[in-house]
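S.K.: Sequence:
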Amino acid sequence: MAEMLHLLIIPELLFTLGYVALMFYFLWKWNAIQVGDKNSISEITNLPFVSVIVPVRNEIENLPVILAALNGQDFPKEKVEFLFVNDHSDDGSSNFLEQINQPGFQVIHLDNSFGKKAALTSGITHAKGEWILTTDADCSLSVDWISSLINCGVTNHAVMVCGLVRIIPNDKFSSWFQYIEGAVLQVCGAAALSIGKPLLNTGASLAFRKDCWQEIKGYSTHANIASGDDTFLMLEMNEKYPGRVIPCTTGGGIASTVAANSFKMLFMQRIRWAGKTKYYHSSFINFTGLIVVLAAFSVLIAFIAVLIDAHLWKIFFSVLFLRGIAELSLLRKFPRNHSFKGANREPNAMAETSLEQPPYHFQMLMVIIYPFFTLMVLLASAINNPEWKGRKL
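Count the sequence shown with my numbering and you get residues 28 to 420, in order.
Honestly, the hints are just simulated from the structure, not real lab data.
The structure displayed is predicted, hence computed values, not measured ones.
Please note that a few of the clues may not be correct.
[Unchecked claim] Derived Cβ-Cβ restraints for the label pairs, each shown as a range:
no., residue 1, residue 2, range
1, 141, 407, 36 to 42 Å
2, 198, 307, 33 to 39 Å
3, 44, 338, 51 to 57 Å
4, 304, 130, 38 to 44 Å
All C-beta atoms in this analysis are idealised placements derived from N, C-alpha and C, irrespective of residue type, glycine included.
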């Protein structure tokens with residue numbers, strides 16, 4: 028057994044070095060990102076008409092916040108409409124939506140169809156906008172959220188603009204865990220997209236041209252897959268319009284949302300995300316995923332090796348040290364300034380603050396735990412049929 032463990036040392040280090048090299052490659056590309064320009068939205072002539080789509084499924088606690096955020100947008104009122112699409116909510120969301128009586132707001136109720144993709148399709152079909160923006164009902168938005176995404180899209184002649192989403196942490200480790208993971212993943216995703224290699228996407232802050240969405244037939248090619256409306260759409264847009272799907276990492280194009288309440292909820296969410304990866308046909312996504320899994324497996328093997336032979340502790344800590352340098356370097360690049368309506372879940376509050384970096388002991392704990400978390404999610408996604416908002420996926 029000891030001899031076998033020693034033989035695994037070289038593969039462990041190689042997989043770890045491959046992972047670290049990939050992370051630093053993303054870091055390099057993130058630093059090189061230049062999206063949009065310094066012009067304000069008022070300097071763009073012939074502003075497009077914009078439709079904002081918000082799918083709603085049992086979001087009664089969050090609807091006042093997203094409504095306030097949309098009302099507070101600085102985009103010209105005559106150039107935007109807001110469509111809430113109710114996906115058979117049974118918690119009072121329907122009644123709340125029906126009470127919205129404001130110009131520019133429209134409520135659509137799904138009848139015979141179900142799911143987020145159906146809600147988005149219904150909203151986009153009813154939309155009058157040249158540009159479609161999507162967000163989630165549990166998000167808070169900067170007052171210049173629409174302006175930032177549209178400015179980025181118009182000035183760069185893009186067909187899709189992929190914004191970011193920021194987790195709002197509290198004093199719990201689970202929330203900082205989500206913040207750190209989300210920050211690292213999104214820096215990697217934006218960096219990859221900047222070189223035309225889409226990796227991941229979020230529907231919480233997304234903009235695309237309606238005519239291009241129609242050209243690729245919307246979500247029809249992956250309608251049978253419950254989740255992944257954002258990433259599958261990005262992949263198809265990039266394939267149809269290479270070089271015109273871009274990230275937006277500046278300005279107000281970052282949506283904010285609260286963390287999942289517990290590790291259990293987080294774990295189930297990640298299982299749901301992992302479940303769709305088997306449908307990806309992107310060689311770059313598969314290659315990146317393979318490196319991530321092999322590197323995580325290397326940590327597991329190194330940990331087992333220490334339990335069997337304590338003299339191998341240097342290998343284990345060397346692997347964690349290398350990973351930590353790469354991951355925490357990416358973490359520090361994620362934008363921390365936030366200014367949004369609906370701050371701290373108070374509809375009329377405004378916040379203009381800068382999040383502190385996660386406590387150092389949480390950062391260290393994250394570096395240790397995350398490889399094992401990754402492997403657990405991967406294993407669970409292969410044997411579990413996840414549920415989301417009362418529905419099996």
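S.K.: Run every hint past the structure and note whether it holds.
M.R.: Hint-by-hint comparison with the structure:
Our hint of 36 to 42 Å for residue 141 and residue 407 is violated, since their Cβ atoms are close to 25 Å apart. As the Cβ distance of residue 198 to residue 307 is approximately 36 Å, the hint placing it in 33 to 39 Å holds. Checked against the hint of 51 to 57 Å, the pair residue 44 and residue 338 fails, with Cβ atoms roughly 22 Å apart. Distance hint check: the CB atoms of residue 304 and residue 130 are about 42 Å apart, consistent with the given range 38 to 44 Å.
Going down the numbered hints, you'll see the structure goes against 1, 3, while the others check out.
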